[in-house]
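> Chain by chain, the residues:
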Amino acid sequence: DQQVKQNSPSLSVQEGRISILNCDYTNSMFDYFLWYKKYPAEGPTFLISISSIKDKNEDGRFTVFLNKSAKHLSLHIVPSQPGDSAVYFCAADEAFNAGNNRKLIWGLGTSLAVNP
Amino acid sequence: NAGVTQTPKFRILKIGQSMTLQCTQDMNHNYMYWYRQDPGMGLKLIYYSVGAGITDKGEVPNGYNVSRSTTEDFPLRLELAAPSQTSVYFCASSYSQGLWGGELFFGEGSRLTVL
Numbered sequence: 001d002q003q004v005k006q007n008s009p010s011l012s013v014q015e016g017r018i019s020i021l022n023c024d025y026t027n028s029m030f031d032y033f034l035w036y037k038k039y040p041a042e043g044p045t046f047l048i049s050i051s052s053i054k055d056k057n058e059d060g061r062f063t064v065f066l067n068k069s070a071k072h073l074s075l076h077i078v079p080s081q082p083g084d085s086a087v088y089f090c091a092a093d094e095a096f097n098a099g100n101n102r103k104l105i106w107g108l109g110t111s112l113a114v115n116p
Numbered sequence: 117n118a119g120v121t122q123t124p125k126f127r128i129l130k131i132g133q134s135m136t137l138q139c140t141q142d143m144n145h146n147y148m149y150w151y152r153q154d155p156g157m158g159l160k161l162i163y164y165s166v167g168a169g170i171t172d173k174g175e176v177p178n179g180y181n182v183s184r185s186t187t188e189d190f191p192l193r194l195e196l197a198a199p200s201q202t203s204v205y206f207c208a209s210s211y212s213q214g215l216w217g218g219e220l221f222f223g224e225g226s227r228l229t230v231l
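Residue numbers (my numbering), protein chains in the order written: chain A, 1 to 116; chain B, 117 to 231.
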C-alpha cells in the first residue's frame, strides 16, 4: 500500500508559469517531508524540506506547502524554467523501530516538463 | 569533494552470477543506504548502516548482503542474481538521522540487468 502518493505521473507547463506538484500521504506519524529532484542518469538531489510544525517553507523559486489536516503537501515552482524539467519525488520521514533509525518513504515521482 | 561514488555504472549479469556494487563517500557521513528503483516505481530501501560495523535490513533485503568495515565504504553484494534484481541501484549517505531526518546525498546510480 502506497503511503506516499504522487497521483500525477507527469506535468507539462510553459516557461515562466507556475508548476504545482502534489503529494498525499496516509500515515499521520510522518513528521518531516522532503522533495528530491532527479535528472536522467543521475541520482536524486535534495531540493527542499518541511517539518510538520510548519505549513510553508520557501527557498528561492521553490515553496513547499503542508496541509496536515488533509495529509497533503505541494511543491510550487515560480517561475518555471526549462532546467526544472526533471522527475520530482516526494518523500516522508517515518520513525523506524520507534528509535532514531528513521527511513524515508518515497512517492513514485512526477515527471515535470517545462516548455520554452 | 567527490560526494558519493558508485561503481560500476552499468552491468549485465547472467542468472546465478554474483557481483558487488561498490559505494564510497568522502563526506565522513555516518549513515549510508542502498536503494533500488524499478521502472515507474519509487525508491525502496534494501539495507542501511548507521556507522562502521553496523548494518540493518531495509524494506527489500532478500537476495542482498552488505558490509560496513569503514565509514567511507558500503558495498552491496548480490548472490545468485535473479531477473527480479534487474533495477537501478542507488547508494546514498547522510550526516545524521536526527529528529528531522537528514538530507540524503545520492550517487549516480548503477544500472543492473540480469538475463
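Worth flagging that the hints you see were computed from the coordinates, not collected in a lab.
Treat the numbers as computed from the prediction; the structure is a model and nothing was measured.
Virtual Cβ for every residue (Gly too), placed ideally from N, Cα, C.
The reader is advised that the hints may include incorrect statements.
A short list of chain B residues far from chain A (calculated; beta carbon distances all over 10 Å) [said to hold, decoys possible]:
(1) VAL120
(2) SER134
(3) THR140
(4) LEU159
(5) LYS160
(6) LEU161
(7) GLY179
(8) ARG184
(9) THR186
(10) PRO191
(11) SER200
(12) THR202
(13) LEU220
(14) GLU224
Computed spacing ranges between beta-carbons, pair by pair [to be verified]:
(15) B:SER185 / A:ASN27: 18 to 26 Å
(16) A:SER51 / B:GLU175: 19 to 27 Å
(17) B:GLY119 / A:LYS54: 27 to 35 Å
(18) B:GLY167 / A:MET29: 32 to 40 Å
(19) A:SER52 / B:TYR211: 16 to 24 Å
(20) A:GLN3 / B:GLY167: 25 to 33 Å
> Would you mind marking each hint as holding or not holding in the structure?
Going through the hints against the structure:
1. Distance check on VAL120 of chain B: its Cβ comes as close as 7 Å (rounded) to a Cβ of chain A, failing to clear the 10 Å threshold; non-interface status is violated.
2. With a least CB separation of 24 Å from chain A, SER134 of chain B remains clear of the 10 Å interface cut-off, as annotated.
3. Every C-beta of chain A lies more than 10 Å from that of THR140 of chain B, the closest at about 14 Å, which supports listing it as non-interface.
4. The beta carbon of LEU159 of chain B sits about 4 Å from the closest Cβ of chain A, which is not more than 10 Å, so the claim that it is off the interface is violated.
5. The beta carbon of LYS160 of chain B sits about 8 Å from the closest Cβ of chain A, which is not more than 10 Å, so the claim that it is off the interface is violated.
6. Separation of LEU161 of chain B from chain A is inadequate, the least Cβ-Cβ distance of about 6 Å not exceeding the 10 Å criterion.
7. Every CB of chain A is more than 10 Å from the CB of GLY179 of chain B (nearest about 19 Å), matching its label as outside the interface.
8. In this structure ARG184 of chain B is separated from chain A by more than 10 Å, as the shortest Cβ-Cβ distance comes to about 14 Å.
9. Every CB of chain A lies more than 10 Å from the CB of THR186 of chain B, the least distance being 20 Å, so the non-interface label holds.
10. Non-interface status of PRO191 of chain B relative to chain A is upheld: no Cβ of that chain comes within 10 Å, the nearest being about 17 Å off.
11. The claim that SER200 of chain B is not at the interface with chain A holds, since no C-beta of that chain comes within 10 Å of its own (minimum 19 Å).
12. Listed as outside the interface, THR202 of chain B is consistent with that label: its C-beta sits roughly 17 Å from the nearest C-beta of chain A, beyond the 10 Å cut-off.
13. A beta-carbon of chain A is positioned within 10 Å of the beta-carbon of LEU220 of chain B; the least distance is around 7 Å.
14. Listed as outside the interface, GLU224 of chain B is inconsistent with that label: its C-beta sits roughly 5 Å from the nearest C-beta of chain A, within the 10 Å cut-off.
15. For SER185 of chain B and ASN27 of chain A, the hinted distance range of 18 to 26 Å is not satisfied, since their beta carbons lie about 35 Å from each other.
16. Restraint check, SER51 of chain A to GLU175 of chain B: a C-beta distance of roughly 24 Å satisfies the suggested window 19 to 27 Å.
17. Between GLY119 of chain B and LYS54 of chain A the C-beta distance comes to about 28 Å, which sits within the given range of 27 to 35 Å.
18. A hinted range of 32 to 40 Å for the beta carbons of GLY167 of chain B and MET29 of chain A is inconsistent with their spacing of about 25 Å.
19. The hinted range of 16 to 24 Å is satisfied by SER52 of chain A and TYR211 of chain B, whose Cβ atoms lie roughly 21 Å apart.
20. Under the hint 25 to 33 Å, the C-beta atoms of GLN3 of chain A and GLY167 of chain B, about 27 Å apart, fit the expected range.
In summary, the numbered hints that this structure violates are 1, 4, 5, 6, 13, 14, 15 and 18.
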